[in-house]
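Asker: Residue numbers (my numbering), protein chains in the order written: chain S, 1 to 430; chain F, 1 to 277.
Bear in mind the hints are in silico, worked out from the structure with no lab data behind them.
Wrong hints could be hidden among the right ones.
Cut-off 20 Å, straight-line C-alpha distance, at most; resulting in silico cross-link-like pairs (PhoX-like, lysine-lysine) [what the hints assert, rightly or not]: (1) F/K57 <-> S/K256; (2) S/K249 <-> F/K57; (3) S/K256 <-> F/K201; (4) S/K132 <-> S/K121.
Partial chain F-side listing against chain S, Cβ under 7 Å, derived [unchecked claim]: (5) R122; (6) Q228; (7) V254.
Quantities reported herein were computed from a predicted structural model and do not represent experimental measurements.
For every residue, glycine included, the Cβ atom is placed at its ideal position computed from N, Cα and C.
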Amino acid sequence: MTDASKTKKGLNRRGLLKGAAGSLGLAAGSGVITGFPYVISAEPKVLRYLGTAVNEGDDIAKKCFADTGIKLEYITATTDDVTKRVVTQPNSFDVLDTEYFSLKKLVPSGNIQGLSAKKIKEFNNITPVFTKGQLPNGKKIGDQGTAPWKVLYLEGAGSKVFSKTATDFVTLIPTVYNADTLGIRPDLIKRPINSWAELLNPEFKGKASILNIPSIGIMDAAMVVEATGQHKYADKGNMTKAEIDLTMKILTEAKKAGQFRAFWKDFNESVNLMASGETVIQSMWSPAVTKVRSQGIACTFQPLKEGYRSWASGFCVSKGVTGQKLDWAYEFVNWFLSGWAGAYLNRQGYYSAVLSTAKANMAADEWAYWMEGKPAIKDIKAPDGSLLEKAGAVRDGGSYDDRMGNVACWNAVMDENDYMVRKWNEFIAA
Amino acid sequence: MMLVFGLFFLLPLVLVVIVSAWDYNEYEMLPGFSFRGYTDTFEGCLSDWPNICTIFKTYLKTLKLCFITWVLTLGIGFTLAYFLAFHVRSITWQITLSLICTIPFWTSNVIRMIAWIPLLGRNGVVNQGLMSIGAIHEPLEWLLFSEFAVILAFVHLFTFFMVVPIFNSMIRIDRSLIEAATDAGASSWQTLINVIIPLAKPGIVIGSIFVITIVMGDFVTIGVMGGQQIASAGKIIETRLNALQFPAAAANAVILLGATIMIIMGLSRLVDIRKEL
Chain S
1 MTDASKTKKG LNRRGLLKGA AGSLGLAAGS GVITGFPYVI SAEPKVLRYL GTAVNEGDDI
61 AKKCFADTGI KLEYITATTD DVTKRVVTQP NSFDVLDTEY FSLKKLVPSG NIQGLSAKKI
121 KEFNNITPVF TKGQLPNGKK IGDQGTAPWK VLYLEGAGSK VFSKTATDFV TLIPTVYNAD
181 TLGIRPDLIK RPINSWAELL NPEFKGKASI LNIPSIGIMD AAMVVEATGQ HKYADKGNMT
241 KAEIDLTMKI LTEAKKAGQF RAFWKDFNES VNLMASGETV IQSMWSPAVT KVRSQGIACT
301 FQPLKEGYRS WASGFCVSKG VTGQKLDWAY EFVNWFLSGW AGAYLNRQGY YSAVLSTAKA
361 NMAADEWAYW MEGKPAIKDI KAPDGSLLEK AGAVRDGGSY DDRMGNVACW NAVMDENDYM
421 VRKWNEFIAA
Chain F
1 MMLVFGLFFL LPLVLVVIVS AWDYNEYEML PGFSFRGYTD TFEGCLSDWP NICTIFKTYL
61 KTLKLCFITW VLTLGIGFTL AYFLAFHVRS ITWQITLSLI CTIPFWTSNV IRMIAWIPLL
121 GRNGVVNQGL MSIGAIHEPL EWLLFSEFAV ILAFVHLFTF FMVVPIFNSM IRIDRSLIEA
181 ATDAGASSWQ TLINVIIPLA KPGIVIGSIF VITIVMGDFV TIGVMGGQQI ASAGKIIETR
241 LNALQFPAAA ANAVILLGAT IMIIMGLSRL VDIRKEL
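Just chain S, with the same shape it has in the complex (with noise of 0.2 Å):
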């Protein structure tokens, strides 16, 4: 590579020494001036990819390297880092991963731009939970809060609206999705759990915990709003203002009592505290339960009567990405849906967004296991491949269509949000 672009440049600056045509002059200056090799084909593909760690893993990077030539270069940042980094450094990252409930913030910003639907061969085979809200076998599912489809397309290339019918301008590409709920000790608690009440009950007092970002804590605790028939929320992901007082006033009557232990906001935090038993009822990720489930731990993502708050989230790219970058981030979002990191995706307890190329990469077993909630007929193993579950285990919750079919909310940013940060202060200096 070093070698070829120096007899390059030679070889142009010997021809500009000789005067030779103007035109080949043009082309040797550019080259020489940008530095890059002649042969424009010979760049390095590189993806700068913003993101928080759910997908960036090592092995897809890898694989993504062997089948397209693309070098993805992670630039890995909490949820609110991602959102920040966006509004503020545009130019510092080409495609960006993130969720859904981010584009309240990120889409009038104006500085990413959505992908043309037409380009993405799978675009058609999404399942249908992104584009119309319902389950492939057509039955509805929740829709309160930042739900993917009322976000998904924009009026336009570049617009900063969202449309609310179909276009070719897609905001995000869809990736990946889950229906998170409580993560449970069984063997403290010693008793079946299926409502979210539970979280807020004082047979927990300082063994309960929630995720300390404020837009989704508060609709955790909306959810124990609802169940125990406190309040009916017309949208508990877009609440008035007398809906937020009443939520933070019910919690923070059970802070003042004790009831949490602490909140966590990192991965490793909620493995930690439920590990350690220091809590034994906390809202939690698919694959932290999955974490500590493999340190021999009884640790279980409990289905609720209730519902799932569910959270999905996919690629757009920054506004400052044109030309052959554009294109190699076509490349990379074809490749990602074209099965193999969907089926990586699957494994790790996630759904993917085409959910047919997936299935062509799991083995039968694996697909009967994770995507239809029969019991495993061998060993499940994590793609790194640790055991994670004996033969004749049950997926927590079931099957895709019980667990994505049962969600009652979507992650979201509400219009009252900055009514809503000041209340969270409020509640925590209360």
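Chain S is fixed; fit chain F onto it per the hints.
Answerer: Only chain F this time, still in chain S's reference frame:
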């Protein structure tokens, strides 16, 4: 020198003050004069009187933590520095022992924090130990994720910042002064109160400034050790920043800066630092 100072200190500070008086929406700052960042911060301070509003409650809590940490680090730091300066004779040992004080800084903040759980947690070493000797029957819950835990972590981390300046002041005390005090019939207690403490005052004040400024602005330690449930001035700023409300965060930063400067000014009245240095 002035350029570096101006570019990397004054300019950002001025920008923060300017931004604090801007307006904002969900995703961007709106240049244009607005005191919203400030008025929102003091929301309820007049209307809810005599109930204390959020911001005052937060500052009272921060000041309380700050005061307790200051008293403890000063007590422990002064004792350690005294021991190093007057009881350890060889310079090699003085250096070795002061280096040992830096051990808490050898690992990253996050690892340090996580390491407290096996020690202070419900099933941690301390609780297990106390239960096995029969001192308690139920695990002590207040050992972790409490004000106690926050103060413990602060003292553990920041005593070092007291030790170094106080030690530095102490080794510069002319030993003949102490001999003279003893010759004049002063007890060792009287020598400490009337000779050593006044002469170590610059070190005490500098150490205090270090500890107080760090604790006033902290949000990481308070967050992790307090289980994210204890309010602090720094945490308010963090929450605002995470919600992309930069002007509100800047307004809170300006308020925090003002509060800290007042404390420092009070301290520097006790001793003219520039003269002493």
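Asker: Broken hints, numbered, in rising order?
Answerer: Result: hints 3, 7 break, sorted rising.
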